[in-house]
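Novice: Note that the protein sequences, when read in sequence, are chains A and B. My numbering numbers the first residue of the first sequence as 30 and each following residue consecutively. My numbering numbers the first residue of the second sequence as 1121 and each following residue consecutively.
Because the hints were derived from the structure by calculation, they are not lab data. Please note that a few of the clues may not be correct.
Sample of chain B residues at the chain A side, in silico, Cβ under 8 Å [said to hold, decoys possible]: (1) Phe1221; (2) Gly1223; (3) Phe1239; (4) Lys1254; (5) Ser1258; (6) Ala1270; (7) Gly1288; (8) Val1289; (9) Phe1343.
Within a straight-line C-alpha distance of at most 16 Å, the following computed EDC-like cross-link-like pairs (lysine to aspartate or glutamate) qualify [stated by the list, open to error]: (10) B/Lys1310 x A/Glu236; (11) B/Lys1307 x A/Glu272; (12) A/Lys280 x B/Glu1184; (13) B/Lys1307 x A/Asp204; (14) B/Lys1302 x A/Glu278; (15) B/Lys1307 x A/Glu278; (16) A/Lys185 x B/Glu1208; (17) A/Lys217 x A/Glu255; (18) A/Lys185 x B/Glu1140; (19) B/Lys1197 x A/Glu247; (20) A/Lys185 x B/Asp1324; (21) A/Lys185 x B/Glu1184.
Glycine included, every Cβ here is placed at the ideal spot set by N, Cα and C.
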Amino acid sequence: MNADLMDDNTPKISEERAPLNVAGAVPHIVTDDTTDDLKILLGEFEGPLDLLLHLIRQEHVSIYDIPVAKITDEYLRYLRVMQEMDIAVAGDFLVMAATLIELKTKMLLPRDPTAPQEEEEDPRSELVNQLLEYQKYKAAAQMLWSRATVEQAVFKRAEIETDKNNPEVAVGLFDLLKVFQDILARHKEEKLLEIEREEISMAEMLERLRNMVMSSGELNLRVFFERARSRRELVLAFLSVLELVRTTEVKLFQRETFGDIVARVAS
Amino acid sequence: MASNEETINQEPLDEAALNEEASRELAAMVAEAEQTSGATEQESDDDEPLSSPQSQAERAAVIEALIYVSDEPLSVKTIADVLKENKEVISEAVQALAEEFNGRNSGLQLREVAGGWQFATRPQYHEHVRALLKTRPSAKLSIASLETLAVIAYRQPVTVPEILEIRGVQSPSAIKTLLDKKLIVAKGRKETVGRPMMYGTSKDFLMQFGLKDLSELPSVEDFHDLSGGS
């Protein structure tokens, strides 16, 4: 049934009563646990490029010499089926439709005989490159899938008690807050002599922390916090530590319980 | 029977008393041991350098023990630091150990993953391991998430608009899933229009896909020919 549809080159879309077999796949509705949305899965197409690749293969044409008119018709037919089934066509699919129609027009137009020779680039080349590029990552995704499948069959040893209870491997938020408060308290006692205000931004503070950690591989946070010259800078310094921990650029360690907290480049 | 019940009733009391007795006994044992062995424990407390393993066999044995107790892949550098030996020596020793260990074809393998060494079961025995642990394979990533992950893995650091350009489709939920699963991390902002966030893969990515490091990923250019037929 499907093969007939695809090989049939005459555009008689309107006569077809919403075939449930779309480009080799049966559409179905799925729910996603993470969101409340209902999704209509039209086969295994992850996007317009995926659909185009499928159509190109289906038609047994070369990716380097795409018959634009034919492929565009197939592509539009697919979109129309989606609409007939009352499915909102995703914007990305429509953008591709517009691109294809524009290409088709360009291919139909006679070439400007007065145009200089070197400007006669194939109008399809951009799309072809995009398809070739996408194809690589699609294959890479398959490779990742098989790796993950193998990896799921490999088990590591279960956690032993000391993994979690060892003060050397974990610094809690409260440990960090305590160091921060110590320094804040010490700062209060000091008299600030500086008059001009050099406002440092969060980005600069992040950069400073990064540089300090990177240059030596590890950094005692006490040293870092003590460099701050105002309450505001201290707050920024604290936030930047949290940020780098969040982005897992650095890890925090404690050599002994209640000892100084050390930031280390996450390997 | 009656006497049994009695002892059970008295258990809380007995336990405290027993514990006390046990700690006294242990203290005595420790004291005795210190006397006979010339207080070795004190010596090691006094920053006496830990003696490096004497022979190659001993070194391999120590390394094996260290890797066994680590809950994360153990790097050569960490082993070298602990044993106070040169990184090259350790690296060679680990390689040799892995070769010897994996040659046994036991249920375990010693493998390099995410920049460190780790003991893990061999995948072919997964059914039996699962039967013991009573687990099922966890949910796989969707194709959209895998494609997005592939783009991020090969093009990192990469921004959302750049991913869109390659995939030809928006992937916000895929990126959220990958972030939630800690497979990717934000790598700061790109200094361009709109300062978009850049993403890269995490250490968890290497571990969950069993990769030594990113260089172990096959070159994306090699997929060019493979993908034609699929």
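Novice: Determine which of the earlier numbered hints do not hold for this structure and return their numbers in increasing order.
Specialist: 1, 2, 4, 12, 13, 16 and 18
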